[in-house]
Amino acid sequence: DAMVIQNPRYQVTQFGKPVTLSCSQTLNHNVMYWYQQKSSQAPKLLFHYYDKDFNNEADTPDNFQSRRPNTSFCFLDIRSPGLGDAAMYLCATSAGRDPKYNEQFFGPGTRLTVL
Amino acid sequence: AQSVTQLGSHVSVSEGALVLLRCNYSSSVPPYLFWYVQYPNQGLQLLLKYTSAATLVKGINGFEAEFKKSETSFHLTKPSAHMSDAAEYFCAVSLTGTASKLTFGTGTRLQVTL
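Protein sequences appear in the order of chains A and B.
All you need for this note's numbering is the position in the first sequence, starting with 1, plus 19.
All you need for this note's numbering is the position in the second sequence, starting with 1, plus 1.
To be clear, the hints were calculated from the coordinates, so they are not data collected in a lab.
Just to be clear, a hint being listed does not mean it is correct.
The following residues of chain B were derived to be distant from chain A, with all beta-carbon distances above 12 angstroms [stated by the list, open to error]:
hint	residue
1	V5
2	E16
3	L47
4	G63
5	E67
6	P80
7	S85
8	K102
9	R110
10	T114
Okay, the calculated beta carbon distance ranges per label pair [claimed, not checked]:
hint	chain 1	residue 1	chain 2	residue 2	range
11	B	Q112	A	V31	40 to 48 angstroms
12	B	S53	A	S91	46 to 54 angstroms
13	B	N42	A	N89	49 to 57 angstroms
14	A	D81	B	T6	24 to 32 angstroms
15	B	Q112	A	K57	18 to 26 angstroms
16	A	R28	B	S81	39 to 47 angstroms
17	B	G17	A	P80	40 to 48 angstroms
18	A	P37	B	S71	49 to 57 angstroms
19	B	S85	A	L134	30 to 38 angstroms
20	B	S85	A	L46	38 to 46 angstroms
21	B	P41	A	L134	35 to 43 angstroms
22	B	E16	A	G35	46 to 54 angstroms
23	B	S71	A	K36	46 to 54 angstroms
24	A	D70	B	S53	24 to 32 angstroms
Predicted model only: the values in this text are computed from it and were never measured.
Glycine is no exception: its CB is placed at the ideal position from the N, C-alpha and C atoms.
Bound-form chain A, shown alone (with noise of 0.2 angstroms):
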């Protein structure tokens, strides 16, 4: 099945240790999207790629970063990770960017734990 994997699905850090989340998906996808969701509170939009081009959200921190090296995978890098960085983070994929003929499909999240 055609689908959108995330891993690893937990992931420890230490405090001001580089870590980074990794996202696949075999739908062939054009772009790909982070989104932050923390405990009880709406998944948030970090950033998106439209096959390579990088699209940032304002109020994303600089510590994130992505890559996306091939339309396949996409990678999610917290470079300084901080307390405050603990959350679950959620891949999504769509063929497109108009939500009216694009449904975003999301991966399983990976539960990132700082300690």
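Keeping the supplied structure of chain A fixed, place chain B upon it in accordance with the hints.
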């Protein structure tokens, strides 16, 4: 800027009872509106969407929602709750023309009891 407000962070219904999850939106232009469901340890799944066609939208698993411009609402309903409906439900809005950005509400956790 667009936003959605979900009234009630927790809703509990008996199996077989009506499910009503409330969502109100704020938007300066006609929006697209969405309901997503999130089961434990899973990603979000699209239930249904309103994109300016019919105001009553039918989705998967027997859910439907009605767009009411006069009330700026997009409430989610299901006539008869099933135990498998227990999950977190998110309302989301996107403005026409801005393409990529979904803005989510804070979610409503639905509990279904016997």
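The hints, checked one at a time:
{"no.": "1", "hint": "V5", "in the structure": "violated (8 angstroms)"}
{"no.": "2", "hint": "E16", "in the structure": "holds (25 angstroms)"}
{"no.": "3", "hint": "L47", "in the structure": "violated (5 angstroms)"}
{"no.": "4", "hint": "G63", "in the structure": "holds (19 angstroms)"}
{"no.": "5", "hint": "E67", "in the structure": "holds (18 angstroms)"}
{"no.": "6", "hint": "P80", "in the structure": "holds (25 angstroms)"}
{"no.": "7", "hint": "S85", "in the structure": "holds (18 angstroms)"}
{"no.": "8", "hint": "K102", "in the structure": "violated (6 angstroms)"}
{"no.": "9", "hint": "R110", "in the structure": "violated (9 angstroms)"}
{"no.": "10", "hint": "T114", "in the structure": "holds (21 angstroms)"}
{"no.": "11", "hint": "B:Q112 x A:V31: 40 to 48 angstroms", "in the structure": "violated (30 angstroms)"}
{"no.": "12", "hint": "B:S53 x A:S91: 46 to 54 angstroms", "in the structure": "violated (33 angstroms)"}
{"no.": "13", "hint": "B:N42 x A:N89: 49 to 57 angstroms", "in the structure": "violated (28 angstroms)"}
{"no.": "14", "hint": "A:D81 x B:T6: 24 to 32 angstroms", "in the structure": "holds (30 angstroms)"}
{"no.": "15", "hint": "B:Q112 x A:K57: 18 to 26 angstroms", "in the structure": "holds (22 angstroms)"}
{"no.": "16", "hint": "A:R28 x B:S81: 39 to 47 angstroms", "in the structure": "violated (33 angstroms)"}
{"no.": "17", "hint": "B:G17 x A:P80: 40 to 48 angstroms", "in the structure": "holds (47 angstroms)"}
{"no.": "18", "hint": "A:P37 x B:S71: 49 to 57 angstroms", "in the structure": "holds (51 angstroms)"}
{"no.": "19", "hint": "B:S85 x A:L134: 30 to 38 angstroms", "in the structure": "holds (36 angstroms)"}
{"no.": "20", "hint": "B:S85 x A:L46: 38 to 46 angstroms", "in the structure": "violated (26 angstroms)"}
{"no.": "21", "hint": "B:P41 x A:L134: 35 to 43 angstroms", "in the structure": "violated (24 angstroms)"}
{"no.": "22", "hint": "B:E16 x A:G35: 46 to 54 angstroms", "in the structure": "holds (48 angstroms)"}
{"no.": "23", "hint": "B:S71 x A:K36: 46 to 54 angstroms", "in the structure": "holds (53 angstroms)"}
{"no.": "24", "hint": "A:D70 x B:S53: 24 to 32 angstroms", "in the structure": "holds (27 angstroms)"}
The structure shown violates the earlier hints numbered 1, 3, 8, 9, 11, 12, 13, 16, 20, 21.
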